[in-house]
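*Asks:* Given next are the chains, with one letter for each unit.
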Amino acid sequence: MELIFFIEVLAGGLLAGVMYALVALGFVLIYKASGVFNFAQGSMVFFAALTFVSLTERGWNFWLALAATLAVMVLLGVATERVVLRPLVNQAPITLFMATIGLAFVLEGLSQLLWGSQPHGLELGIPDVPMEWLSRKWNVNISQFDLFAAFVAGALVAVLALLFQKTRIGRALRAVADDHQAALAVGIPLQHIWAIVWAVAGFVALVAGVMWGVRNGVQYALTFVALKALPVLILGGFESILGAIIGGLIIGAGEKLAEVYLGPYVGGGIESWFAYVIALLFLLVRPEGLFGEKHIDRV
Amino acid sequence: MKTALAVALAAAAGFSTQAPAQAKEQFVPVNSYWVGPYAPGGSGIAAGMIDYFKLLNARDRGINGVRITWEKCETEYRNDRGVECYERSKNKGPTGATLIHPLSTGITYSLIEKGTTDKIPIVSIGYGRTDASDGRVFPYVFPLMTNYWSQNTAKIKFIGMKEGGMDRLKGKKIVNLYHDSAYGKETIPILETQAKMYGFTVTHIAVPHPGNEQQAQWLQIRQVRPDWVILRGWGVMNPTALKAAAKIGFPRDHIIGVWWSGAEEDVIPAGEAAKGYIAAGFNAPGADHVVIREIQKHVYAKGQGELEDKSRLGTIYYNRGVLWGILTTEAVRKAQERFGKGKPMTGEQVRWGLENLNIDDKRLKELGAVGFMQPLKVSCMDHEGGGAVKFQQWDGGQWKVLTDWIASDQSIVRPMIEASAAQYAQEKGIARRDCSTEK
Chain A
220 MELIFFIEVL AGGLLAGVMY ALVALGFVLI YKASGVFNFA QGSMVFFAAL TFVSLTERGW
280 NFWLALAATL AVMVLLGVAT ERVVLRPLVN QAPITLFMAT IGLAFVLEGL SQLLWGSQPH
340 GLELGIPDVP MEWLSRKWNV NISQFDLFAA FVAGALVAVL ALLFQKTRIG RALRAVADDH
400 QAALAVGIPL QHIWAIVWAV AGFVALVAGV MWGVRNGVQY ALTFVALKAL PVLILGGFES
460 ILGAIIGGLI IGAGEKLAEV YLGPYVGGGI ESWFAYVIAL LFLLVRPEGL FGEKHIDRV
Chain B
5 MKTALAVALA AAAGFSTQAP AQAKEQFVPV NSYWVGPYAP GGSGIAAGMI DYFKLLNARD
65 RGINGVRITW EKCETEYRND RGVECYERSK NKGPTGATLI HPLSTGITYS LIEKGTTDKI
125 PIVSIGYGRT DASDGRVFPY VFPLMTNYWS QNTAKIKFIG MKEGGMDRLK GKKIVNLYHD
185 SAYGKETIPI LETQAKMYGF TVTHIAVPHP GNEQQAQWLQ IRQVRPDWVI LRGWGVMNPT
245 ALKAAAKIGF PRDHIIGVWW SGAEEDVIPA GEAAKGYIAA GFNAPGADHV VIREIQKHVY
305 AKGQGELEDK SRLGTIYYNR GVLWGILTTE AVRKAQERFG KGKPMTGEQV RWGLENLNID
365 DKRLKELGAV GFMQPLKVSC MDHEGGGAVK FQQWDGGQWK VLTDWIASDQ SIVRPMIEAS
425 AAQYAQEKGI ARRDCSTEK
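Residue numbers (our numbering), protein chains in the order written: chain A, 220 to 518; chain B, 5 to 443.
Do not take every clue at face value.
Stated by the list, open to error - Some chain A residues flagged as far from chain B (calculated, every beta-carbon gap over 10 Å):
#1 Phe-224
#2 Gly-231
#3 Val-297
#4 Val-302
#5 Met-317
#6 Glu-327
#7 Leu-353
#8 Leu-382
#9 Lys-385
#10 Tyr-439
#11 Lys-447
To be verified - If the Cβ cut is set under 8 Å, some of the chain B residues that face chain A in the computed set are:
#12 Gly-169
#13 Pro-214
#14 Glu-269
#15 Ser-424
#16 Gln-427
In case anyone wonders, no lab produced these hints; they're calculated from the structure. All residues carry an ideal CB built from backbone N, CA and C; glycine is no exception.
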């Protein structure tokens, strides 16, 4: 009985971790291509989900709304490159980071200005309830929707890995990430690359927003999911897509096990900060994160 | 969109002006939040209150000829902004701020001493500092209608009713799933007291802010196998809890929420998972109340309503705002009876009005609010005045009222309030008022 409960907590944690990884992927993409920690990723998730759900509530067909939202996110990516990033080429990373903080506030305000601040329900037709046969046979509750989210995350990682490793754009992205100036010197169009990567991050934000929107409803609190991605990034490394997934799984399972087995001894409610404890413990062993790149600076 | 733009501009400026100064006007600050995570509550309540003021101005020429004016100020549910809004609004209008609705427990705490010094009543309806119900220690603070401890005793009464009697609570298991904050923890002591009294066991499970991930908590609940779950959530924590309950197959009609977990905004995002969920409330839902119909007739029919989305008329938060408007204006009316009809009242005078509020069934009928709110009798001793709650159930499309007003158990609540208030008075060196000398 205890073992079954442990398995249930572990499985639930791993599946929750997949949801965190979905958000973390957006951060990784932009950091990988531009060395910028995109503070606005949570706001992009909110903006994408709110746009999508608002369109569907206005009678748009699901796929049409999805395509339109994707178009909006691509436009947003291009506009971000033009208005926010292009003037800051070769500025210190902290300057770019500060710019993304500004972008986050603008997006949050713009979302509510355009679509209002009311929460919305979102259903994809996949029930977020336990699979009956598993419950009946093993008394283990695993949600169908969680499994679907895991599948989506897996597919997304596969597509992104292919993009980065097997395409010209991917090579260019990696080159830009290594050194802006060197990439420019060999003829890689920095602006195009940044626009592409922000557009892809917008797509990832849309997927994450829809998944989290189904889980909790589409509302302002979606911006907080970024907080869930931070320990994942610390642990997995800011530059690794695989790291985001593995990091998500470790953080998800770790925090749930801690909440269930340690929480009662310290008053509960520990999972949100315990995730950071796990991440920081990993940092002691691997300062660049589990899959982060080792930086060697010559002095 | 237009309202949102206006509010955004107001937020950017930190303040907005609604109307030019008039000679006979009663100024009421509307400090609320129209953006951010709690905007659904803040915008709905503010709209209801403003629409009620508009109704009185349009239909009755204000209160005995004194028009009600107001100004919006965006607090973003932040203490610093709440204090800033208070400071900016306290001297507006011919007599300064009538009273302040801080619309946040945190802001209420920040304003208790300021309001007392400035002689501006701090009115926290359904939130704030529970022990401020003892008016001897808190002369300028009014947690009107019902406080968290009162509603908790009504909640246990309701569970007792469902179980077939209070004696049937013995041996039952209740989980208190609470937002890990001062607000969330507020009812732990009273639940412990009631658990001992009735023989049920209570397990407190904390959900860290913001509450958008609750798998671990609900797996714990599954292990406890409770008969009932009390949901003390706020914002995204509420739909997430209902979704997570569905995920472990816990019956939603055995989850009882506090009134900050019982609005449309708490259940709609949860979709089907919210069906059957029960929540407490101190204002009735629905647009089929005389007072709401009057607002539709005198305000919305003329295109002057505050809500852009008219479907929000009659929702829980909107109706709560109307209730706040009623209490605000009734306090002014009461003050006018003593200090001069047809004159704008000062905060000090309105404090007297609040302390002598007596909204009985007859007055409720005149207000068009029978069944919409409970009768209320405030006194120097008792700044709460009501204490009863109704229970409502979400049927997937709307809230259905399940019960009549269920009275709280003041034999449990009042001694705890007095003990806590006495401790506060001792810490702050406050001499308790002698209510027998108050007129």
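*Asks:* With chain A as the partner, please determine if B/Glu-269 meets the hint condition of a C-beta pair closer than 8 Å.
*Replies:* OK, holds: B/Glu-269 within 8 Å of chain A, min 5 Å.
*Asks:* Does B/Pro-214 hold up as a contact with chain A if the rule is Cβ-Cβ below 8 Å?
*Replies:* holds (5 Å)
*Asks:* For the restraint on B/Gln-427, tell me whether the closest CB of chain A is nearer than 8 Å.
*Replies:* Violated - the Cβ of B/Gln-427 stays beyond 8 Å from chain A, reaching only about 23 Å at its closest.
*Asks:* Please check whether B/Ser-424 passes as an interface residue: C-beta within 8 Å of a C-beta belonging to chain A.
*Replies:* Nearest chain A Cβ about 21 Å off; hint violated.
*Asks:* Should the label of A/Phe-224 as a non-interface residue stand, given a Cβ cut-off of 10 Å to chain B?
*Replies:* Given a closest Cβ separation of 6 Å, the condition is violated.
*Asks:* Would A/Leu-382 pass as off the interface with chain B, using Cβ distances and a cut of 10 Å?
*Replies:* Given that every Cβ of chain B is farther than 10 Å from that of A/Leu-382, nearest at about 29 Å, it holds.
*Asks:* Does A/Val-297 clear chain B by more than 10 Å, comparing its Cβ with all Cβ atoms of that chain?
*Replies:* holds (25 Å)
*Asks:* Confirm or reject: A/Leu-353 is not an interface residue toward chain B, with every Cβ-Cβ distance exceeding 10 Å.
*Replies:* Nearest chain B Cβ is 12 Å from A/Leu-353, so the label holds.
*Asks:* Does A/Tyr-439 clear chain B by more than 10 Å, comparing its Cβ with all Cβ atoms of that chain?
*Replies:* Label violated. Min Cβ-Cβ 4 Å, cutoff 10 Å.
*Asks:* Does A/Lys-447 clear chain B by more than 10 Å, comparing its Cβ with all Cβ atoms of that chain?
*Replies:* Its Cβ does come within 10 Å of chain B, the nearest being 7 Å, so this is violated.
*Asks:* Looking at A/Lys-385 again, its CB stays over 10 Å from all of chain B?
*Replies:* About 35 Å separates A/Lys-385 from the closest Cβ of chain B, which puts it past 10 Å; holds.
*Asks:* Do the numbers back the hint for B/Gly-169, that is, is its least Cβ distance to chain A under 8 Å?
*Replies:* violated (32 Å)
Hint violations for this structure: numbers 1, 2, 6, 10, 11, 12, 15, 16, all remaining hints satisfied.
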